[in-house]
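> The hints should help you fit chain F onto chain A, whose structure is shown.
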Amino acid sequence: MVKENSKKKDLLWYFVIVILALIPFIPQVAANSFTQHVFILVLLYASMSQAWNIIGGYCGQVSFGHSVFFGIGAYGAGMAVVKYGLAPWPGIIIGSLLSMIVAVVISYPCFKLKGHYFAIATFAIVEIFNRLFMVWYWLNGALGLDYPMMKVGWKNFVWYRTKIPYYYGALILFVVIFSIVRFIEKNRFGYYLKAVREDQETAEATGINSTFIKLSAMALSAFLASFCGAFFVQYNFRVDPPMVMSLQVSMIFVLVTILGGAGTLFGPLLGAMILIPLQEYTRVYWGGLGRGTDLILFGFLIVLIIVRQPRGIMGIINEILKYRKTKKIISASSEIN
Amino acid sequence: MFFQIAIDGLLTGMVYALVASGLSLIWGVMDVLNFAHGEYLMFGMYVSYWLGFLMNIDPLISWIASGIFCFLLGVLTYKLIIQHCLTGPPLSALLATFGLSMMLKNFALNRFSPNFRILTGTLLDGKRIILGNIVLPLPQLVTSIFALVVVFIIYYIIKRTRLGWAIQATAMDKAAAELMGINTERIFLLVFGLGGLCVGIAGGLLPSYLAVHPEVGGLFGLIAFVCVAMGGFGSIPGALLAALLIGLVEALSGFYIAPVFKYVAVFGLYLLVVMLRPKGLFGW
Numbered sequence: 001m002v003k004e005n006s007k008k009k010d011l012l013w014y015f016v017i018v019i020l021a022l023i024p025f026i027p028q029v030a031a032n033s034f035t036q037h038v039f040i041l042v043l044l045y046a047s048m049s050q051a052w053n054i055i056g057g058y059c060g061q062v063s064f065g066h067s068v069f070f071g072i073g074a075y076g077a078g079m080a081v082v083k084y085g086l087a088p089w090p091g092i093i094i095g096s097l098l099s100m101i102v103a104v105v106i107s108y109p110c111f112k113l114k115g116h117y118f119a120i121a122t123f124a125i126v127e128i129f130n131r132l133f134m135v136w137y138w139l140n141g142a143l144g145l146d147y148p149m150m151k152v153g154w155k156n157f158v159w160y161r162t163k164i165p166y167y168y169g170a171l172i173l174f175v176v177i178f179s180i181v182r183f184i185e186k187n188r189f190g191y192y193l194k195a196v197r198e199d200q201e202t203a204e205a206t207g208i209n210s211t212f213i214k215l216s217a218m219a220l221s222a223f224l225a226s227f228c229g230a231f232f233v234q235y236n237f238r239v240d241p242p243m244v245m246s247l248q249v250s251m252i253f254v255l256v257t258i259l260g261g262a263g264t265l266f267g268p269l270l271g272a273m274i275l276i277p278l279q280e281y282t283r284v285y286w287g288g289l290g291r292g293t294d295l296i297l298f299g300f301l302i303v304l305i306i307v308r309q310p311r312g313i314m315g316i317i318n319e320i321l322k323y324r325k326t327k328k329i330i331s332a333s334s335e336i337n
Numbered sequence: 338m339f340f341q342i343a344i345d346g347l348l349t350g351m352v353y354a355l356v357a358s359g360l361s362l363i364w365g366v367m368d369v370l371n372f373a374h375g376e377y378l379m380f381g382m383y384v385s386y387w388l389g390f391l392m393n394i395d396p397l398i399s400w401i402a403s404g405i406f407c408f409l410l411g412v413l414t415y416k417l418i419i420q421h422c423l424t425g426p427p428l429s430a431l432l433a434t435f436g437l438s439m440m441l442k443n444f445a446l447n448r449f450s451p452n453f454r455i456l457t458g459t460l461l462d463g464k465r466i467i468l469g470n471i472v473l474p475l476p477q478l479v480t481s482i483f484a485l486v487v488v489f490i491i492y493y494i495i496k497r498t499r500l501g502w503a504i505q506a507t508a509m510d511k512a513a514a515e516l517m518g519i520n521t522e523r524i525f526l527l528v529f530g531l532g533g534l535c536v537g538i539a540g541g542l543l544p545s546y547l548a549v550h551p552e553v554g555g556l557f558g559l560i561a562f563v564c565v566a567m568g569g570f571g572s573i574p575g576a577l578l579a580a581l582l583i584g585l586v587e588a589l590s591g592f593y594i595a596p597v598f599k600y601v602a603v604f605g606l607y608l609l610v611v612m613l614r615p616k617g618l619f620g621w
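Line order of the protein sequences matches chains A and F.
Taken in order, the first sequence gives residues 1 to 337; the numbers are from the working numbering.
Taken in order, the second sequence gives residues 338 to 621; the numbers are from the working numbering.
Same shape as in the complex, but just chain A:
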């Protein structure tokens, strides 16, 4: 029964992925590069938030420090291309491994902290990294790294005239990260994570090494996050510290996940599907008015969504599902009577 259920769920996932893979063939999307841009960002932010979801949603450690890992990944690719004139791939690998090490080193002491103390420690880490990257001469400091013109193609992962390959790149990233999380969710490791989230002392009493579990979740999350950062810089052709390594960036990931539903597999995708088009379309329609009109509206919409439904979009869906289930039970019991 359980297996059948999960098979059904997997079928749903294949369906979603096939639909996403076919999106560039819709004529309206293919003709409009801005629509493609929105789709790419939705997939990128969904992947990024899913990476955050491993530690923030499943393990319950609310980290606002993920922009550091995002930034290290971005700088890894950027440095390989701009400073060393290579293809981005070795930079991406080195950056991701580096951000994994950084994640373990900074999280090990921080995991002693609980609740808001942990959250504020991660703020502090973001601010420290931001300031350091701003003055780090080797990384071009506050000027940032600007991409030179390069040969297009998968080897350099750059395209200038079309966004469709980027879309498929983002889709690959999305599928990989979601399948990793899907695998974890049904695995022993996922149950350990949830146990640590629900009650750390009880989890330890049943023999779970909570520090090891949290650290490995953080390392995995940072590793995946820096891949997303690398994709971002390849798409953006430019990176500077405030762009990738600031509290604002961190907040977007948290916002997407919480809005969709933290600790659920669909949550980040749903959150990104709502938040990112909101952000991009308000920017396009009202950004032209200047003076931050679009951001006033965006902030207002965030407040509105949270005030109307604090439990996120998955909260609404779960409510509907539960309602249908109870209805079924009621009708079944009335038949027995």
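Treat the hints with caution; some may be incorrect.
As the list claims (entries may be wrong) - Now the in silico label distances, taken between C-beta atoms and shown as ranges:
(1) A/Y137 / F/N520: 56 to 64 angstroms
(2) A/K328 / F/E552: 39 to 47 angstroms
(3) A/L289 / F/L409: 26 to 34 angstroms
(4) A/T326 / F/M517: 35 to 43 angstroms
(5) F/I594 / A/N32: 50 to 58 angstroms
(6) A/K112 / F/P427: 18 to 26 angstroms
(7) A/L132 / F/P427: 36 to 44 angstroms
(8) A/Y323 / F/P427: 22 to 30 angstroms
Read the hints as simulated data drawn from the structure, not as lab findings.
Note that the Cβ used here is the ideal one computed from N, Cα and C, for glycine as well.
Coordinates of chain F only, in the frame set by chain A:
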């Protein structure tokens, strides 16, 4: 030279203390991190600035208007936003205040433009006290002492009055406080208002020596978070001590190491303190 810098740091620290004590109240009683706190400060500064600029009212008087304005801002935030978020997961209130801070910041940008504005020709402008080889600029001195006094008044209210006991009771156990006949809804409303009041008073006095612009609140808000967490959960003396320490470290590291590293030192100090005492200086 050392003493001059240390005193400058302490004076800044006292202002941080007032901003942080407002945040500490809200955090201690409701367990909500108010991200819009720095933006309250920014609005407090703008109220005082515009009163000074358009009507020639000195910041020494217009802090009252700023305080009242931010009190109302806090009350409105609670009524319209926070009240609805308390049923959800703990992060939803934080994210809602993040949205609010984005709104307020860009509203200020929209209405008042990103220009840096500073009040000149106030009563205390340019006056200073010279003690030996230490120079004390009067605007900073008055603002800081005033901030310290307000922190003490707030602390007195919390510790010694019936209202303060009700606030403490609500912070400890909301259900039990309700059974004792405390209207916890009203306490929450009042606490949010008081948090706004603290930061509004600080904001009202600041424009006499600090330029006001839409981004001014961001850094103050962040430092207030760090002060509160470093001092310990909802502890006003802890926040005061942490704020003075942060002011000192900021000034000294800015002078002796490099100005760019002063916030690295401040946030590093927080991490160091929290490593040694995971619940802050005065936490338990």
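> Evaluate each hint against the coordinates.
Status of each hint after checking the structure:
Distance hint check for A/Y137 and F/N520: the Cβ-Cβ separation is about 59 angstroms, which falls inside the suggested range of 56 to 64 angstroms. Checked against the hint of 39 to 47 angstroms, the pair A/K328 and F/E552 fails, with Cβ atoms roughly 54 angstroms apart. Taking the beta carbon of each, A/L289 and F/L409 are about 28 angstroms apart, inside 26 to 34 angstroms as hinted. Remark: the range hint 35 to 43 angstroms for A/T326 to F/M517 is upheld by a beta-carbon distance near 37 angstroms.
The hinted window of 50 to 58 angstroms between F/I594 and A/N32 holds, with their beta carbons roughly 51 angstroms apart. A hinted range of 18 to 26 angstroms holds for the C-beta pair A/K112 and F/P427, which are about 20 angstroms apart. A C-beta distance of roughly 31 angstroms is found between A/L132 and F/P427, which places it outside the suggested range of 36 to 44 angstroms. Taking the beta carbon of each, A/Y323 and F/P427 are about 25 angstroms apart, inside 22 to 30 angstroms as hinted.
When the structure is compared with the earlier hints, violations turn up for hints 2 and 7 and for no others.
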